[in-house]
Amino acid sequence: MATVYLPRSLVALFLEPPPRHVEVDSSTLRALVEQLDRRWPGMADRLLEPGPQLREHINVFIDGERERSLDAPLAATSVVHVIPAVAGG
Amino acid sequence: MRDKVEILVGTKKGAFILDSDAARQQWRVRGPFCETWPIHHVVRASDGTLYAGGGSNWYGATVFRSEDDGATWSQSSAGLTYGDDQPKITHIWNLTPSADAATLYAGVEPAGLFRSDDRGETWTHVSGLREHPSTPEWQPGNGGLILHSIALDPTNPHHLWVGISSVGAFETTYGGKTWETRNKGVRADFYPGDPPEFGQCVHKMLLDPTDPQRLIQQNHCGVYRTDDGGSTWTEITNNLPSDFGFPMAVHPRQPETLWVIPHSGPGEGRTMIDGHAAVWRSRDRGDSWQQLDSGLPSDNAYLTVLREAMSTDRLNPAGVYFGTSTGQVFGSADEGENWQLLADFLPDVWSIEAAVVEA
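So the sequences go chain by chain: A and B. When the letters of the first sequence are read in order and numbered with my numbering, they come out as residues 1 to 89. When the letters of the second sequence are read in order and numbered with my numbering, they come out as residues 1 to 359.
Just so you know, these hints were derived from the structure itself, not from any lab. Note that CB positions come from ideal geometry on N, CA and C, so glycine has one too. It cannot be assumed that every hint is accurate.
Label pairs and their computed distance ranges (CB to CB) [claimed, not checked]:
id, chain 1, residue 1, chain 2, residue 2, range
1, B, Pro209, A, Gly64, 53 to 61 angstroms
2, B, Glu358, A, Pro41, 30 to 38 angstroms
3, B, Gly128, A, Ala31, 35 to 43 angstroms
Cβ-to-Cβ under 10 angstroms is the rule here; a few derived chain A residues that face chain B [unchecked claim]:
id, residue
4, Phe14
5, Ser69
6, Leu70
7, Pro73
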């Protein structure tokens, strides 16, 4: 099972918020988002924009490497971090 | 039951709720709500549900909903899309519930109209508007290409108007399937020659609460009224000190009474004129205007009040409220005669809606 770490600003948007780290059984980033969306409906809309593709200012790191493709593979031992881009103001 | 008055405030950093008893002298501030998202509009539907629309640079546009007076909020943008090969929706600019709360409309950026028939759970694109032949020529105003005004005919659910910056007004009598431009008589001084069929920069458009053929609008180029559903507009800028401003308000029972907040022109800072805060009121539907400034700052008050940031309550006398882009909320419990500062140091205020609820 891969482990995905979710930002506080994302989990706070759900009435029954997900834990900050979640175990997922997914072979790609796309499947990971789909699985999260089944468990917390609406989460895909927060992570993806038309394309579909990752929202411009949402960064995803898989085992320490930044990935933009939804087809990026996940291993059973992968660690995934979802991190909003830093911004001022 | 005693009435409670609420001022629903959308700001750059979350939604806030100010509340008071019917005397409207002491106000409590609650918030920020909606996870401090940029919130362009907050409304309370007639069934008591609160809705807040906004858009995050990280997480996109969504509509928040609270069924417990703001204690908890859910959010959904299911269906709020033009499709995977179309531009992304960045912000919700206006939320307008029907009188029976069964339907909720959302105006969005880039300009388009959506409706929800399940209290904001899912959304359907009212696609006929963006199928209008003028669409390829729509141009954004300074605030973006935004649909910010939605006026629902209370006597006919298939009849509504929308206002888009800087495209102008449209009317449908077919539930949104087809639309007609409604800009005749409205100036567009930034175009050479005669005013075009569309391209006018409506800043705020409202329906007369007593007559669904009468509307008013504050435009980039003047203030206007119409008696024929927008087929022809008559300019009512008259003795106002500027033809430029953003919000407009109409009395809940006496539609001859209007309020506007004149600002310096588009090239002159777009603030209260000469740093003197004032609201202007008409008692004759715009034939003449009176300056009201008792209790408002008169020196070095270079305030800006954006298009959604003025509202009235339905008490008698009517309360009038406005919020500034520098975080103040001002209110009057006597139709604008006297003003007081209700809240200061909020984030940039983008919208104000007043609601009267049973305490």
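Outcome of the hint check:
1. Pro209/B with Gly64/A: 53 to 61 angstroms: Check passed, 60 angstroms falls within 53 to 61 angstroms.
2. Glu358/B with Pro41/A: 30 to 38 angstroms: holds, 33 angstroms
3. Gly128/B with Ala31/A: 35 to 43 angstroms: holds, 36 angstroms
4. Phe14: Holds - the Cβ of phenylalanine 14/A comes within 10 angstroms of chain B, reaching about 8 angstroms at its closest.
5. Ser69: With Cβ-Cβ at 16 angstroms, over 10 angstroms, it is violated.
6. Leu70: Where the cut-off is 10 angstroms and the nearest Cβ of chain B is about 12 angstroms from leucine 70/A, the hint is violated.
7. Pro73: Given a least distance of 23 angstroms, the restraint on proline 73/A is violated.
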